[in-house]
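Going down the list, the protein sequences come from chains A and B. Each residue of the first sequence is one higher than the one before, counting from 1 in our numbering. Each residue of the second sequence is one higher than the one before, counting from 249 in our numbering.
Hint data in this document are derived by calculation from the structure and do not stem from the laboratory. Just so you know, not all the hints are guaranteed correct.
One-sided and incomplete, this derived list gives chain A residues near chain B with beta-carbon spacing under 10 Å [said to hold, decoys possible]:
hint: 1; residue: S21
hint: 2; residue: N108
hint: 3; residue: F121
hint: 4; residue: N180
hint: 5; residue: M191
hint: 6; residue: R222
hint: 7; residue: V237
hint: 8; residue: V247
The calculated BS3-like cross-link candidates involving lysine-lysine, where the alpha carbons are at most 30 Å apart (straight line), are [unchecked claim]:
hint: 9; chain 1: B; residue 1: K433; chain 2: A; residue 2: K162
hint: 10; chain 1: B; residue 1: K539; chain 2: A; residue 2: K50
hint: 11; chain 1: A; residue 1: K162; chain 2: B; residue 2: K318
hint: 12; chain 1: B; residue 1: K539; chain 2: A; residue 2: K220
Note that the Cβ used here is the ideal one computed from N, Cα and C, for glycine as well.
What follows is the residue order along each chain.
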Amino acid sequence: MNILVAISRVPDTTTKILVGSNGRNIDTNNVKFILNPYDEFALEEAIQLKEKNGGKVIAITVGPAQAQETLRSALAMGADEAVHCKIESEFDSNTVAVNIADYAKRMNPDIIFMGKQSIDFDSLQLPSLLSEHLNLPLATIVTKLTIEGTSVKAEREIEGGKELVETSLPCIISAQKGLNDPRYPKLPDIMKAKKKPIEEIEATTSDLFVEVVGMELPSKTRLNKMFGSEDADINEVVRLLHEEAKVI
Amino acid sequence: MKTIFAYLDSVNGTIKRTAFEIATAAAKLKAEKGSEVFAIAVNADNSIAEQVKEYGIENFINIKSDLLAKFSSQATAEAIFQAAQEKGADVFLFPATSAGLELAPRISAKMKAGYIADVIDFKFDGDTMLIKKPVYAGKAIITNKINTEVKVLSLRPNVFTAVKNPAGSVNFVDFTPNLNNENVKAFVSNTFKNEGKLDVKEADIIVSGGRGMKDADQFGIIEDLAGTLGAAVGASRAVVDAGWRPHGEQVGQTGKTVSPTLYIACGISGAIQHLAGMSTSKFILAVNKDKDAPIFKVSDFGIVGDLFDVVPKLNEGIKKIKG
Ligand SMILES: Cc1cc2nc3c(=O)[nH]c(=O)nc-3n(C[C@H](O)[C@H](O)[C@H](O)COP(=O)(O)OP(=O)(O)OC[C@H]3O[C@@H](n4cnc5c(N)ncnc54)[C@H](O)[C@@H]3O)c2cc1C
Ligand SMILES: Nc1ncnc2c1ncn2[C@@H]1O[C@H](COP(=O)(O)O)[C@@H](O)[C@H]1O
């Protein structure tokens, strides 16, 4: 099986977000970047599938030079090859989709795995964009995947329950937490990953469909009213919720 | 901004609450830009039109196709696209729900249009639409503009308050799309509801429990309080990882992002990844025995005490005012 996994590079979840000097991006000084957590579930599923059926796993990312670190993480987890689609100018999801789609058309994967969302802009759009660009069926936010022959059954999370999506290979799957337990690369894997090849290709650039014009930190001010646990305290909290906040 | 398509999320012919929020947002655009608004639903019951009329919708397009009997985002998007070409739609509003989040980017790809997901606000600066969305799990908010003529937005649920503004009458149109089996290569064959439980994503009030709950059996007091309030039960990751609660209830960076009007955190310390999922809640009430717990810094009301004592007392107090 030929498997393509699209991965992205994002700030670590514990990062304190500060607005950069241009007022449009985050200040990346002292920010640690990691492989997008949802992409770990995507990679793990891909690697397990390859271990079962043979074939190879190729990880691809669209991004600047630093994106190579992220590809190394994917190689350490067990991807066989990595593709760096280089872009230094500002880009949006449409550009990412166009470039991954171009590569996928040449590679013809049996299945493409992605994360359900990138935890930077949280937009959950690339899997659907790619599905349109490649005219491939898609199941998103998948927590359980069963593949038999070319038939695919994917359980996905929805509001208040689950859905079963049925489709067939080739297709695109976006991974949600719960799909599997991603492996931690061991030191020898990390060493081996350093020697694996990273193919470099120049990204096609296109006009930006969307542009960020400003960034701000949420300015929500909280009441910060503190109480003890005496009956009088509890009654006062209930009264405030009812009469002042009017939420109950 | 001549023609707005407002997608109404429906399940088995009944529309979801987000539909009224979408309708209200569309009405706002109409008021500001004089656009014509079309509400779109799939294989819906026409009684839906009567409901959305209350929110100012005058045109209702019901997409009818047997191929859409089972939900397929690929086919539904194709059908909406076909209707959009007929009507010349140039603004698309979707709810940022599991269905809307798949449909909106598809429409943006088909229309070669810019798309902003999970929008919490939009306004105009002259002709430029300035669109806000949270990023980095709510740790920052960005303002975007869309450079393409056609614009696609998905709106975060519970943020755009639905406001009644009845329209005179509704103009019904049935639309039969031209679909084939190619369009339904992936379809939903079955849906499982979490029995009787309200989902954190849809709830107005959420009562969440953390590791302070001690074990799975103790969640009864959380469920009781949630029952009294008509609220959903939420959980921290510590609790989900311990297997006390299902993953669907997890709130936070790797769980769900919620913005209810009231979020009650019981025995939750307030780790940054938990806050990422609930810090945009309108009001936050925290119960924790540690007066220095970080959750109190982001709370409107904080009760320092043993939750096994406090939560049942809160429940009694609230029952009293609910009569
Ligand atoms: C990549 C990553 C992603 C993550 N994603 C998430 C996520 O999506 N959601 C999430 O929640 N976490 C997430 N976490 C985990 C997060 O860092 C915390 O570990 C977790 O939120 C802690 O859960 P807790 O508050 O229930 O437990 P604890 O931190 O152990 O807090 C328990 C609290 O209960 C209080 N308490 C104990 N007994 C009582 C009592 N009798 N009465 C009152 N109070 C009491 C204690 O004072 C304490 O404050 C993530 C972590 C990482 C690294
Ligand atoms: N720059 C990128 N390069 C490759 N894949 C990406 C990139 N950005 C996002 N993805 C993939 O698309 C998924 C969803 O991202 P998003 O639509 O940005 O929330 C991610 O989990 C990745 O699998």
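Structure-based check of all given hints:
1. S21: violated, 15 Å
2. N108: violated, 17 Å
3. F121: holds, 5 Å
4. N180: violated, 13 Å
5. M191: violated, 29 Å
6. R222: holds, 5 Å
7. V237: holds, 5 Å
8. V247: Since the shortest Cβ distance to chain B is 4 Å, the answer is holds.
9. B/K433 <-> A/K162: Holds, because 19 Å separates the two Cα atoms, which is no more than 30 Å.
10. B/K539 <-> A/K50: violated, 51 Å
11. A/K162 <-> B/K318: It holds: about 15 Å lies between the C-alpha atoms, which stays within 30 Å.
12. B/K539 <-> A/K220: Answer holds: B/K539 to A/K220 is near 22 Å, not above 30 Å.
This entry does not satisfy hints 1, 2, 4, 5 and 10, going by the numbered hints stated previously.
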